[in-house]
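K.L.:
Here the protein sequences come in this chain order: F and E.
Under the numbering used here, the residue at position 60 of the first sequence is numbered 121, and the numbers go up by one with no gaps.
Under the numbering used here, the residue at position 275 of the second sequence is numbered 291, and the numbers go up by one with no gaps.
Worth flagging that the hints you see were computed from the coordinates, not collected in a lab.
None of the values given here were measured: they were computed from a predicted structure.
There's no promise every hint is true.
Said to hold, decoys possible - Covered stretches of chain E (chain F as the covering partner; in silico rule of three or more C-beta atoms under 8 Å from a C-beta of chain F):
#1 85–91
#2 143–156
#3 168–181
#4 192–206
As the list claims (entries may be wrong) - Residues of chain E clear of chain F, computed beta-carbon distances all greater than 10 Å:
#5 I20
#6 K48
#7 W52
#8 V66
#9 F122
#10 E213
#11 G353
#12 V412
#13 P422
#14 L447
#15 T516
#16 Y519
From the three backbone atoms N, C-alpha and C, an ideal C-beta is built for every residue, glycine too.
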Amino acid sequence: MQFPILSVIVFTPLIAGVLILLYPAERKTEVRVTALAATVISLLLSLWVFISYDVSAGGYQFIEKFPWLPILGISYHMGVDGISAPMVLLTGLVSVSGVLISWNVDDRPREFFAFMMFLVVSIYGVFVSLDLFQLFFFFEIAVFPKYLMIAVWGYPKTREYGAMKLTLYLFIGSVIALVGALAIYFASGQHTFDMLALENAGFPLEFQRIWFPVVFFGFAILGGIFPFHSWAPDGHVAAPTAISMLLAGVEMKVGAFGALRVAITLLPDGAREWAWLILLLGTINVVYGALIAMIQTDFKYVIGFSSVSHMGLVMMGFATLSREGLLGAGMQMFSHGVMTALFFAVVGMVYDRAHTRDIGHLGGLFKKMPWAAVGFIVGGLVSMGMPGFSGFVAEFPIFMGVWRSTPPIFAIIAVLGIVITVAYILRVVGRVFFGDTPLEIQDVGDVTVLDKVTVGVLAVIMIGLGLFPILMTPMVQSGVERVLALLGGA
Amino acid sequence: MEFIASHVLSLILFFPSVVALLMLFLPSAEEKLIRWIALLASLVPLGLSVWVWSAFNPGLAGFQFEEKYVWYPAIHSTLHLGVDGISLPMVLLTTLLTPLAILASFSIQERVKSYMILFLLLETGMLGVFLALDLLIFFVFWEIGLVPMYFLINQWGGSNRNYASLKFIIYTVAGSLGLLLAIQMIGVVAGTFDFTELLAAWPALQNQVWYGISIETLKAIAFWAFVIAFAIKVPVWPFHTWLPDAHTEAPTAGSMILAGVLLKLGAYGFLRLVLPLYPVEAQRYAGWLAFLAAMAIIFGALGAFGQTDFKRLVAYASINHMGFVILGIAAAAWAAGTQNGVLALNGAVLQMFSHGLSAAGMFFLVGVIYERTHTRDLDAYGGLFPLVPVYGGILVFTAMAWLGLPGLSGFVPEFLVVRGSWPVFTLATALSMIGLFFTGAYALKALKKVLHGPLNEKWVGHLSEINTREVLVIAPLMLLMLWIGVWPAWLLDVINRAVTMWY
């Protein structure tokens with residue numbers, strides 16, 4: 062039997078989380094080191110998966126499967142394809158960055174890191190699951206650490222509201238999706254939750270038409286689709302830094318990924334029927350999210366809404382159901398994950414030192430914390446879709462897909478999002494990092510070495526991917542080919 | 017040697033960026049070292065492009081020194097580089113002006129390291145546009161150059177720099193949205209971004225219908241998308257309003273590059289992409305373009321004449337001068353393949369080169385006087401000639417080349433453009449001649465206000481003569497202005513063969 066690499070990736074943080082809870086509360090250093098070690102092990106293994114994934118063979122690889130509850134057709138089934146392998150890598154990156162950024166969390170670090178580990182387990186689990194039941198299992202267990210971490214360690218003024226809103230939205234979404242998944246299970250008549258089997262179940266068109274939106278929107282709520290996006294900015298802002306990074310960086314991708322893996326690949330005819338609506342909502346996401354980001358006065362809310370805007374591009378890419386669009390969506394999920402993790406990390410660094418997030422009360426921080434500023438600028442350039450950065454190589458194919466599959470008006474409207482993005486990013490950069498430093502924050506210090514490492518690594522990844530898209534595109538492409546085959550060779 | 021010869025274009029293109037990356041690891045305190053490294057790094061592309069110039073065979077059709085690398089195979093885009101007789105002079109202009117601008121920036125004292133890194137990145141961005149033979153790569157470099165320029169203006173610019181830099185980037189990004197959309201659409205319809213393949217496939221596409229839109233309509237829309245993007249960059253009236261702000265607020269070297277090279281990117285876009293890809297549409301709308309060009313010439317000149325700020329005057333003059341480039345392009349679009357068209361186009365390309373020299377020179381000289389007086393107000397100067405005779409002589413010389421005195425570089429291209437476009441667009445050309453009159457007027461106004469008239473006693477004893485470093489910046493430019501004015505054939509011959517082959 063081969064080495065169960067995916068299981069190890071998923072369960073290392075779980076073991077670490079349990080271990081951390083067993084430590085005495087005052088052993089803070091041990092807690093941190095354990096969390097870091099676990100996430101680093103998972104990251105290295107996911108990097109190994111990423112590198113050794115055989116692109117020319119395509120399909121699902123590193124498969125692990127054994128029956129779990131055969132009477133219901135449930136099995137323990139893991140594997141990655143060209144779309145999920147980059148997501149697993151992303152999870153590794155963001156979780157390690159999250160631990161590094163939270164190094165100095167002083168309020169009950171034991172519980173903080175333990176819950177964070179559980180959240181990471183849930184995210185990894187969704188990306189590698191090939192069994193529908195198992196996927197939901199991992200999907201749902203995220204609720205508990207998410208809620209607790211926002212409510213306990215969040216921004217005191219809004220944490221209860223943010224945590225409650227986020228949890229309710231996502232709970233409703235997952236219940237809806239679960240109902241859809243059960244419908245799929247029963248309609249298939251195959252008595253199995255195995256997604257590989259369900260892919261070829263050949264559901265009747267009428268069934269797909271009714272159930273596709275249920276499943277899709279159940280997941281897409283977590284992906285931040287308009288008009289169900291409002292949990293995202295509130296939740297992200299209320300959450301502590303590392304959780305904002307994980308929420309916006311990977312949890313939103315979990316939603317988008319679920320929408321692709323479960324809704325689009327299992328119900329391809331339904332996807333074709335409803336593509337227009339997804340496209341429309343995605344376009345609204347892009348432009349509306351950017352406009353709202355433009356008028357925010359809270360630094361963190363700007364980033365929160367920018368995530369809404371950028372996830373709209375992912376949705377648009379899905380909706381094209383075309384080779385370029387899906388490729389771009391896959392790339393955008395990775396690119397945005399890294400970018401927004403970096404953004405929230407920098408916002409956290411600024412807030413921890415200046416104790417305000419009001420753009421009007423910040424200024425001139427470039428001199429105080431140059432690494433953070435450069436990191437934020439790089440992230441900003443990615444989010445503008447500036448060529449040479451990962452955002453461009455992701456957005457460009459999405460727009461090509463939009464041109465190929467839909468009336469030109471959608472591309473034309475969505476591209477306006479770019480100018481608005483340029484405007485709000487430059488506004489924030491100008492107000493926060495340049496200009497004069499207000500008196501109250503004259504004495505803020507520089508960021509820590511760990512912060513610099515985090516910022517540097519994330520920034521280099523975005524530039525590297527932007528200059529050499531070939532590092533990732535062949536893999537995503539192989540995953541897209543599989544989806545296209547299910548869609549009937551579009 | 018072998019390696020250098022076969023990869024010369026990518027070396028020219030990426031050498032400055034690689035050095036910029038390495039400079040990140042230098043300590044910021046080593047300002048002197050950083051300046052010299054930046055200067056030497058920018059001399060390497062110059063040397064290489066001079067070598068390319070000497071090895072270039074103007075008699076061959078198509079592109080030379082071509083290189084092709086894998087970049088983004090999923091959407092069929094490759095890093096495809098090459099030069100021809102139109103892009104090579106522009107490459108030469110860029111690689112020449114960059115070291116001069118860096119030398120001119122030796123007086124920058126603040127954050128030298130970041131400044132020099134941005135400048136070297138900017139050089140790569142500009143060169144990429146001239147060297148790209150792939151539409152997507154063209155766009156990548158087109159946009160990438162904005163970022164360092166934005167920060168150069170925003171961080172090292174004048175008092176109104178925030179407004180100017182934001183206006184600059186928003187204008188240009190908004191303008192290139194259409195270009196972005198059109199490139200995406202072309203990629204989808206034609207299935208390739210490679211310029212040589214597109215040239216064969218795209219104009220030949222006919223009778224297709226796409227979402228109820230015929231390919232002809234689509235081409236017309238894409239044509240306008242390209243035109244607007246390039247017109248903003250040139251800038252063509254009425255898209256010019258970002259220019260005076262950006263040029264005035266940019267640091268001296270930034271203005272030199274803005275006027276010397278960045279404006280040429282727009283004109284180059286017309287030559288490289290609009291005319292070859294849309295010959296039919298270009299001919300249909302050439303009259304409008306000529307009209308806008310004449311407006312740019314007249315309003316640019318009048319605008320310059322009305323300024324009281326020395327730098328703003330020079331900035332407005334760029335609108336006036338670039339109008340001639342557009343007029344030449346419009347005439348060539350209308351009268352493609354005729355003697356007139358060829359003449360006008362020769363003039364347009366030469367004007368791009370010549371204006372690159374003289375405008376960069378003028379901005380530099382404005383910078384020289386500003387550094388000493390800390391004012392740009394024309395009324396604050398007066399009678400400075402006796403105080404700074406060498407500077408005065410250089411300023412007069414450069415201004416003469418700038419306004420188009422025969423014997424210096426400005427005259428030949430403007431004459432060629434006017435000669436070529438007169439039979440094609442008589443009215444627009446005649447109007448442009450009126451503009452040309454005002455060109456003389458504003459140039460002389462500047463000279464009079466700065467150098468002549470009653471001496472402003474305030475400056476006596478406070479104004480030092482131009483120094484050796486500054487002379488070294490302007491001397492190569494003056495030499496070339498004279499050389500082109502006296503014997504333009506060395507440059508025109510290459511341009512003419514390329515123009516004849518292409519259009």
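K.L.:
Against the structure shown, which of the earlier numbered hints fail to hold, in ascending order?
P.N.:
No hint contradicted; all consistent.
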